[in-house]
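**Student:** If you want the building blocks of each chain, they are given just below.
Number of protein chains: 2
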Amino acid sequence: MANVIAVDLGGTNIRAARIDPNGKIVAREKIPTEAAAGMQSVCERIAGLVAKLRTAGTMAVGIGTPGVPDPETGTMRLPAVNIAGSAGFPLTPVLSKAVQLPVKADNDGNLAALGESWKGAGKGESVVLVFTLGTGIGGGCVINGKVFHGNHNMGTEFGHVSIDYRGRQCPCGGQGCVEMYASAAALGRDAREAMRDSLSAGTSLLMKMCHGKIDTVDARMVCEAARQGDALALFLLDQCCLYLACGIGALINSFNPSCVIIGGGMSLAGDALLTRIQLALNRGRAFKPILQDARIKLAELGDDAGLLGAARMALDSVEAK
Amino acid sequence: MANVIAVDLGGTNIRAARIDPNGKIVAREKIPTEAAAGMQSVCERIAGLVAKLRTAGTMAVGIGTPGVPDPETGTMRLPAVNIAGSAGFPLTPVLSKAVQLPVKADNDGNLAALGESWKGAGKGESVVLVFTLGTGIGGGCVINGKVFHGNHNMGTEFGHVSIDYRGRQCPCGGQGCVEMYASAAALGRDAREAMRDSLSAGTSLLMKMCHGKIDTVDARMVCEAARQGDALALFLLDQCCLYLACGIGALINSFNPSCVIIGGGMSLAGDALLTRIQLALNRGRAFKPILQDARIKLAELGDDAGLLGAARMALDSVEAK
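Taken in sequence, the protein lines are chains A and B. Under the numbering used here, the very last position in the first sequence is 1765; numbers go up by exactly one each time. Under the numbering used here, the very last position in the second sequence is 1765; numbers go up by exactly one each time.
Hints are computed from structural coordinates only; laboratory data are not their basis. Values in this document were obtained by computation on a predicted structure and should not be read as measured data. You may find that some hints are simply not true.
Just so you know, same-sequence chains aren't split out, so a pair can sit in one copy or run between any two.
[Claimed, not checked] List of simulated lysine-lysine pairs, DSS-like, C-alpha gap at most 30 Å: (1) K1657 <-> K1741; (2) K1541 <-> K1474; (3) K1590 <-> K1567; (4) K1732 <-> K1541; (5) K1541 <-> K1468.
Modelling step: build the complete structure from the supplied sequences, incorporating the hints.
**Tutor:** Okay, here's the thing in C-alpha cells:
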C-alpha cells in the first residue's frame, strides 16, 4: 500500500514512522541520534530506520530537522546547533542517495505547523500560526496548506519578536524577545526569582513541591501548582500569558491568521494557559476584528505533529510530479 | 491600445490614471472626494473619472481604498473611516455596474506595496514588506508578486506591532504600538515634548524654524532640521529609528523578507532615515542571517505606488481569466 516515511531528527533521538496517504501512522521506530558523531553518521542511522520501515509502496521520505534546510536543495542553510558538522551539509542529496527514494527536508518547527494544519488543531484553516512553547519559543506558519518559507526559509522566528525595546537581553543579540519572557526557561527563572524575593512565597504550594529547594523550581512545577490553584503560580502564569499575548497579538495584527495554535511542552498547562492568553489578547493586545477572525487553540498532535508534517511534505512532493 | 484604469480613493482626493500593461502612466485625473456625501456618490464620481480616462482598449478597473474591501467580493469588510456610509458597502459590484467593466478593489496600503514590488524598490524581490510612515504607520506584504491577504485581508497592520508591552496607550486598544512611537504624529509630539523639557532646546534650529512657537513643530521640521545637522533633531530621529527598527526587526524575524521598503511622507527624510534604521537593526534588532537576507530600501514611486498597484491588480484579474 502507498505510504511515505516521515523522520523527526532531534538532538537526542531520531524518530521515524511509516504513514499512509490519509495521515495514519502505521509503524514507528526510535533510536538515539548520536549527534556528536556528525551529520554523515546521523544520515546513515536515518537510512537504517528508513530501510526498517519502508515497504514496496513507499514513495518518498520527509524529514524534519533543527536548523534551516533549504526547501529546494535540501542543503543546510543554517546549521542544526546540536548536530556536529551540520552547517552547509547536503542533507537531502546524501539521504536520497543512501535510500534511493525522493527525500524532502524542512525545519522541524515548520513541519510541526504543517502537521497540525493537516491533521490537528488547524484542520481546514486558511492561515495558521503555530507557537511552540518549549525551552525556547519556536514558530511556524502555514498558508492554504503550504508552509510559508519567506525568502530563504529563515523566518517565523516567533520567539524573537520583541515585546519591549528596552527589555531583557536575548542571546540572539536582540532585546525584549518574547522568548526571554514566556518560554518554559523564562517562566522557571521568573518563578525562582519571585520565590526568592517574595515574603509570602513560603506559603506557596511551589515551596512544598520543590522541598524548599528554590533552585529546582521549573515551568512544569508552576503549571502544576497553577492547576491546583496556587496563588503565586497563577500570578506567574498570568504574567507569562500577558507577555505571550503581546507577541502573539503583534503577529495576529500582521498575519491576520484564521487560527493560532499553542503547542510545545508548556501547552500541557492546557486550558489554564489558553484562557489566560485569550483574555490578555481580548484586553487590547490585538485589533478586535482581526482577533475575532482568529481561533486560538491548543495543539492536538503532541510529538506526532512533526512526523505528520514530514509525511504531508513527502506526499506533496510526490503529488507535484 | 490595451490598458487599465487605476483609482486611488483617498479621504480628500480621488486620483485616477490610465496605465498600460508595462506600467506606464498614460493619462491622469484628480478630483475632490467629497467624502461626506457618502459612498454611493463617491462611486458616481469615480465612474465619471473612469469615463474620462477609458479608451476602447480599457480592460478593467483597479481601485485602492482606505478600509478593507474583501478582495473576492469587493464589499467593504472594514469601513474607510473617512468616507460616510462605507461600512459593508458593495464597492466593486456598484462600480462595475456603473462603468460596465470588471472592477477589483483592495486596501490602499496593500496596493502601494504591490506597486513598489512591480515597478519600484521591490522589483524582482520574492517577499516584500512595506512600511508606510505617515501620520500613522501602514503596511503591506507582497509574496511572489501577489498581495498577502491573510485570512480576510485585515492583516499587515504593521503600525500596531507592539514594541513595549507596558508602553504608550494606542487608540486601537493596544499598548506600545510602534505607531505611537515612530509615525510622523509621534515624532512631532516627541519633538514638541523634548523642546518644552530641554534646557538647551533654545539653541536648536527647530526653535528658529518654528519661530519660538513650539506647538507648531512637526515631523517635517524635525526631518529638515536633522538634514541640516541640528543635534536635537538628530537625537529625535535616532530615537524614532530605534523604535522603528524594533518593530521592523520583529517582522523581519517573522517573515524573512527579501526586501523591506520604507515609504510614506516621512521617507522624504531619505538616507538620514534609512541609515539610522539599518544601523539600529544591525545592533541586534533582528537575527543576523535573516537581517542580511533583507535589503532595506526607500520607496521609489511616491504617490504613484498605489496607482501602479491598482493597475497591476487589474491586469492580474484580466490575465487570470
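**Student:** Please sort K1732 with K1541 into within, between, both or neither, judging by C-alpha distance up to 30 Å.
**Tutor:** neither (51 Å within a copy, 33 Å between copies)
**Student:** Up to 30 Å between alpha-carbons, please classify K1590 paired with K1567: within, between, both or neither.
**Tutor:** Cα proximity of K1590 and K1567: in one copy and across copies (12 Å, 24 Å).
**Student:** Which holds for K1541 with K1474 at a C-alpha limit of 30 Å: within a copy, between copies, both or neither?
**Tutor:** For K1541 and K1474, the Cα distance is within 30 Å only inside one copy (22 Å; across copies 63 Å).
**Student:** With 30 Å as the alpha-carbon cut-off, assign the pair K1541 and K1468 to within, between, both or neither.
**Tutor:** Answer is within: at 27 Å inside a copy they meet the 30 Å cutoff, but 51 Å across does not.
**Student:** Between the shortest in-copy and the shortest cross-copy C-alpha distance, which are at most 30 Å for K1657 and K1741: within, between, both, or neither?
**Tutor:** Answer is neither: 35 Å inside a copy and 53 Å across each miss the 30 Å cutoff.
The earlier numbered hints that this structure contradicts are 1, 4.
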